[in-house]
Amino acid sequence: MKVKRSERLVEMTIEFIQHPHKIFPLDYFTDRFNAAKSSISEDLNIVKGTFARRHLGEIITYSGARGGVQFIPVISKSQVADYVRQLQDALHQSERLLPGGYIYTSDILSQPEWLKKIGKLIASRYSRNDIDAILTIATKGIPIAQSVAEELGVPFVIVRKASKVTEGSTVGINYVPYSSADVMERMELSTRSLHPQTSVLIIDDFLRGGGTVNGLTMVANEFQCHVVDTVVFIENMRLDEPIKVLYHSLFRIESVNSETKKIQVKSGNFFAEDLSF
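Following the working numbering, the numbering of the sequence shown begins with 26 at its first residue and continues without gaps.
Source of the hints: derived by calculation from the structure; they are not laboratory data.
Think of the CB as a built atom: it goes at the ideal place given N, C-alpha and C, for glycine as much as any other residue.
Quick list of in silico lysine-lysine cross-link-like pairs, DSS-like style, CA-CA up to 30 Å:
id, residue 1, residue 2
1, Lys47, Lys29
2, Lys47, Lys27
3, Lys165, Lys102
4, Lys73, Lys102
Have a look at the derived ranges for each label pair, beta carbon to beta carbon:
id, residue 1, residue 2, range
5, Asn154, Ile42, 16 to 22 Å
6, Asn154, Lys29, 33 to 39 Å
7, Ser119, Glu83, 40 to 46 Å
8, Ser280, Asp52, 56 to 62 Å
9, Pro180, Asp114, 30 to 36 Å
10, Arg30, Ser280, 53 to 59 Å
11, Glu192, Glu284, 45 to 51 Å
12, Asp155, Asn59, 33 to 39 Å
13, Val35, Asn282, 48 to 54 Å
14, Met26, Asp155, 35 to 41 Å
Build out the structure end to end from the sequences listed, making use of the hints.
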């Protein structure tokens with residue numbers, strides 16, 4: 026039974042949105058809709074044009090025996106500027122100030138609407154990279170990592186400070202949580218979580234001394250994985266020692282006035298380059 030074009034367009038759109046970066050063989054759609062390849066090609070051109078006009082992303086067609094159709098989500102420069110402005114306004118609120126120069130972000134990182142925007146901001150930068158997995162540490166980095174993983178269509182892997190018995194054997198490393206700390210902490214990851222030569226993107230919520238992201242890099246190295254990049258949601262610029270790890274931050278704490286409880290948050294080095302949005 027043939028399916029009407031209007032129905033095909035809706036179902037194609039749903040497939041692409043729900044499965045970003047997945048390559049669908051053209052036969053998948055011809056068989057599913059009992060339609061000729063010429064009709065499916067016309068449908069794809071309609072979807073491609075609509076996605077482009079709405080700045081939802083790109084529909085890419087690959088030729089050859091292993092070819093197919095792929096949806097790559099991207100956002101426009103105007104959307105980037107809008108998302109950044111909205112997040113900055115939310116982060117500037119004085120009641121967010123916590124002792125030690127930290128900023129309360131749990132409400133932002135628990136709301137799907139905010140997480141979707143953060144995930145799109147980060148994922149759009151790496152939509153052209155061959156990323157196999159997102160690597161993060163429990164607990165506050167998990168929501169961001171999950172959002173980015175969903176946009177890129179890859180799994181996210183959680184490193185824990187104490188492994189659970191249900192995770193089986195683990196690989197553990199000792200790391201210094203802050204640049205000025207004397208104490209050592211430990212993080213562990215199940216041996217089944219990552220395969221050698223996996224390309225990972227490290228995600229964390231807050232960077233202060235660089236110890237945690239450095240530890241995550243060490244974990245990735247233990248698994249013989251390639252770290253594509255490290256991205257943090259917020260970094261604290263008020264440091265006595267320079268950070269010795271390579272990273273990109275969406276936002277940075279420029280200044281904090283404890284007396285007036287004013288927080289100045291600026292966009293981070295994540296936006297310092299031409300990201301080709």
